[in-house]
Amino acid sequence: MSDMTGAEVDGAEPVKMTGLLTQPIIPSPIINWILPARVRNKDHNDVVFVGERRIQVKEALDGANLADVFEKNDLNGSPLGAKVINVGTQLPWVNQGIHASRSVGSMEAETLAPQILFLALDSNELLFVYCDPEKEDPFIIHYRPLPRDVNTAEKYGRHIAVDPKSRAVAVSASRNFFGVMWLHSTNEIQYEMLRGGLQPIQSESFFKINGDILFMEFLFPKSMDDKKIILLLIVHKESTTQALFYEWDELRMDERLFPNITTISLSPQDSLPTMIVPLAKESSFLLITTTSMAMYTPHSLNRPMRYPVIIPDTDASEIGLWTRWARPSRNWLYSQRYDGIFLCREDGWIYYLEFGNEGELETQTSLGQLHCDVDTAFDVLDMGHEGGDFILAAGSHGDGGLFVQEARDHPRCVQRFLNWAPVTDAVVVPSFSQHPLKTDQDQDRLFVCSSSSSGNGAITELRYGVEAQIGVDVPLDRFSNIRDMWAMTKEMTGEIYLMIADPMTSVLLRTTFEVEDGISAVEDGTDLDTGETLTLATGSTRSGIIVQVTAKATHFFNSDDPRSSRSIPHDPSLVATTATVDKTDSLVIMTVTSPKGFYLYLAKIVEGKEISLEHPMNATSLEKAPISTLYQSWGTTGLIFLGTGDGNVLVYHVNNDTLSISEVAIVSISVNVEDDISKAIDSLAVIRMGNGHESSALLLCGLRSGILVPFDIEVNSYGLQKMDQQTPRHVGKTSITLKALNSFALFTCGDGLWRISYTSDGNPSDYFLSRVWITDQSCPAYFPVTLSSFSFVEKIDPDTGFTSVVLFCYADYSLLVCSLGHEIKTVPRRIDVPGIPNKLTYSRHLRSLVVSYTISEICFQLGPLGRATKSYIEFVDPDSQNPVEHGDGEAISEGKMPWRPSASSGEKITCIFDWTAEKHGNEYHLIAIGTSLPILDDLNDRQGRVLLFHASSDPINGNQINCFDKYTQMLDKPVYAMAAYRDSLIVASGKSLFPVVASNSEVKWRRDISAVLPSPAIAMTVHGNLIYVTTSRNSTLIYEIVNGDILEIGSDGIARDGLSHALIKACGNKLDMIVVGTRGGSVRVFDNLELDNLKSSPSAELPVSMLRLVQGSKSPSLLSTTTTVYGFALNGSVYRILILAEHERRLLQILLNLCLRDKAICPAWSIRRRRIAPAEEFAVRRHIDGTILARLAERDVQHLKQMLAQHTVKRALADEFDEAAQGVVGKSEDQTLAVFEWLRALLHIKF
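Residue numbers (full-length UniProt numbering): 1 to 1247.
Don't read these hints as lab results, they were simulated from the structure.
Here a beta-carbon is modelled for each residue, glycine too, at the ideal position from N, C-alpha and C.
You may find that some hints are simply not true.
In silico DSBU-like cross-links for lysine-lysine, where the CA-CA straight-line distance does not exceed 30 Å [what the hints assert, rightly or not]:
#, residue 1, residue 2
1, Lys228, Lys72
2, Lys155, Lys208
3, Lys604, Lys490
4, Lys72, Lys795
5, Lys795, Lys1065
6, Lys135, Lys1201
7, Lys281, Lys227
8, Lys1065, Lys919
9, Lys1201, Lys722
10, Lys604, Lys583
Computed beta-carbon distance windows for the label pairs [as the list claims (entries may be wrong)]:
#, residue 1, residue 2, range
11, Ala665, Thr593, 17 to 25 Å
12, Glu360, Leu272, 19 to 27 Å
13, Leu272, Ile519, 55 to 63 Å
14, Ile201, Asp560, 42 to 50 Å
15, Gln1222, Met504, 34 to 42 Å
16, Phe206, Ile935, 51 to 59 Å
17, Lys1159, Ile519, 37 to 45 Å
18, Val1012, Glu1101, 47 to 55 Å
19, Asn210, Gly1053, 38 to 46 Å
20, Lys973, Asp382, 55 to 63 Å
21, Glu1101, Val1042, 31 to 39 Å
22, Phe802, Glu360, 53 to 61 Å
Let's have the full structure, built from the sequences with the hints guiding it.
What follows is the structure in structure tokens.
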């Protein structure tokens, strides 16, 4: 056997990788429910998005948009249902009901959540959730396990319902069983919440029925004093559908197990309803089918009022289902007369229906179409907007959005929720570095292609970081380049002033936070220098006076009284070189040069009838010329930091009472880089952490060479106490420009924008960088190509306390005004495709994505409903900001568009392979395509083709790729996988495995290849003489090329339904490994590939199946493994899969075991499960669940120390932890802290 592994290097002992770390890095974008729910307190207009295994809390702001607040993406299961329970608010016609024994005061109730979230998970448990923003983990959750002694069809959670008066909730299985949970009174629930807990369930009752449960809803009581609780179940049994009414008296607790039951049989036309809508009038409900609507009331159960089905103003042949409904918020007077509901069809058509007090339908109004798929989430948000409603909608295919529904107008989208699911293929594109010195920030780029219900798909780049969404784009053609900009706020008027400066001129702009009146230039009467003078710094005082510092003067502009504006010239013998203006202490700090040397000047801004500068008696002499200046105030103490061209930081203490300056320290930065690079400190910024007199902070130094150097500093009333350098980070190749705002800073390096912030515990050595991605909702593919300067300001809402940050930046010759987000999240960038994309690959030779997509068109020649489909190939630049254009035959024949390969009608492209080979010393590049096409004589069978074509960049237009046919071969079966072996192409067609070769191939193949696949191949990789094949039914097999033949040498002993694999080639003294994904979510690693019967070592059972496993290009810096594997799921989620060496797995296993036993990290686990799970579930598979470890990393090191202290009675565990820690992080003064920092950095997501 030849070329089996590359492990035998210099006789070194192979390193065996024994563990598997999996971590979800991109959650699924699918939104299953959108629920307006004030889960914090009544002052916050919260909206809860419930997706697959995650909850997002957003806040509705006055600007008609939703801002991120909290996110929980580590639920134990996927939600099956979601509802809202009112515990602090009542319907206008409902009495308080039974008074609780305890009463929560009105002042205390103001701080509590008036609503809680009610979820049912597929892990057989119910969740009751609200949020406390003051806690480290804001989600307060009560878990209620459900009965498990039922089969899959009878598993609880399929339907849930909430009583309108919050007296009970119900949960049912798909058939035969349901349960009712009786809730405590709202006062008692609020009393629990006041103590920081939540236990809403008072008692439970479970019932058995016969039949399939189609719907379950609580009905509204008939009147305000009605004590009845009515639960409606629509049950299908054999050939009939029945409505079952379960009725209780809330005052009779003894009747809870013996309700009054009423059963009626529904008419045949109502036997398959698509929706049930409980109405607020007369305990009635609306039953909707595909053909009609029926109104059932208590006095007409057997004679429902029937209405024709609503058909929107569109083609009647387009049949759609009414799938969602919502009840908008209306005033008390309206609610006494009408019950209004929105109905939404799956294609986005919405209607508004009004029902009278007798339950009759009085009016129905067509509101138009949302132009999005609505099969999951739909609701109406009350934002206090008198002119209309705000509609929230989302679907499983395509985008969702926030829509404004104005009176007598069609809905208008004001915020879009991007959805890149379902994913059909994925690829990882390396970030190319233009310099041989790679930086710390070179990252993989993740691209997926997805389909949608509209017939148009997209290629989406999945990015992770902070989103800055463009609100206003102002062209600045008069500026060729902007050196810097400074944004200042005037709190009393809500105005923002922005000074923009290039090397030759400056301009002052004025706007507001909402940019309601646009952006205007302030030109007359400012007394500012906007001529041919360089602006060194601009700031403002607390009263809002604008201060501009130039080389020769300091200028003041008072917008309230422009006549008091003035300029104060500097000493003619002095030239200012750097400056900064401090708002807190009203100071101007300058460094100047003169014939006598360099000096540091400080001046106090004095406001009165005439603005003046108060100077100390003497300037401070400097030995070196600073190139950057920063001032920070700590009460009566201030610190001046000066950065020099040779990498020194000069620190001076300022006494704010006497304005005296004294030198504190001169600190040299240390950068361990072999290249002869500049250490010039071009910018400085400080991030604050602590409160009180003593304060910890992080001083950031941005070097001209693209290196970020942080210092941990401590300051008290006496001045600087500590200044310790932390680990530098090489960000890029150009100068770093830093600006800070309290607890975070932004910086640019080249054309990239980053945010730097502390971790939750404020450990100075544990800070993280996150990319800031600028997005444009009107152009989903947009990103700034050039970005030269920026500034930002913040606004705090006095009512809610919500902090919004407005970011100004100069990019692509325009001033962009952006809303900067708070949360680190997925920020997708989408390139639209004219059809449905199904295959995607990346060509390193062309540096282009290659995508296949299918377009379907109506073809009446095939029948009344006939459709013809055809597949096409297109090349897409990963940095393209334009949609993919579909080339028609006329444009191609006229030379307006290049020719592209396409399949025949009905033929589907099943795989694309980028092939670069070498033959006879010459390298050539081809694109190979495998297809599947129907056989005309047998429509149940399919055949395939292999197409080869040459592609290259156009010599005149380098952005255009030209291609032409090279070879076509017809095959008996479809082609789903291809790989290259030297100058031959290995093709898997059906169960055959054979080469496609040229006539003068260097490899001589046998005419009859011995290899026969047990089932069709879906993934194939060649390494050396070995062929790794993953099949649809028989997992993974290994073949070897021997003397021109292909022979099977190994296979997985267990037949599994394969999906994808990724081969990790041997590096150094490590073994070859193959990571295999199979249906059901299993991921297995095979590393001993020399065995005939392959056995996986580590394995993992993930909640979703990995549709595609792709090897990354960047190696993890903290692990022994040589590469990262990304797993892409159909629902849009992405997992990071890392192979662990034994010493790494051992340490992480100890941490995982501690987490599983910790109630704060794993609150839903039972006592028995805490005891046996570490030993029996994870340890056997040698799988490390990064989801659980991420919960520990979100806390602080003290929590880990407490976990260890609780188990130190078992001395062996403490010794094992210390020994495992030394094997990974070495010896340290604080071993636990070193491990915690290593874990947090390991799990940090960055790309």
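If any of the earlier hints don't hold here, list their numbers in rising order. Per hint list: 1, 5, 14, 15, 17, 18 and 22 violated.
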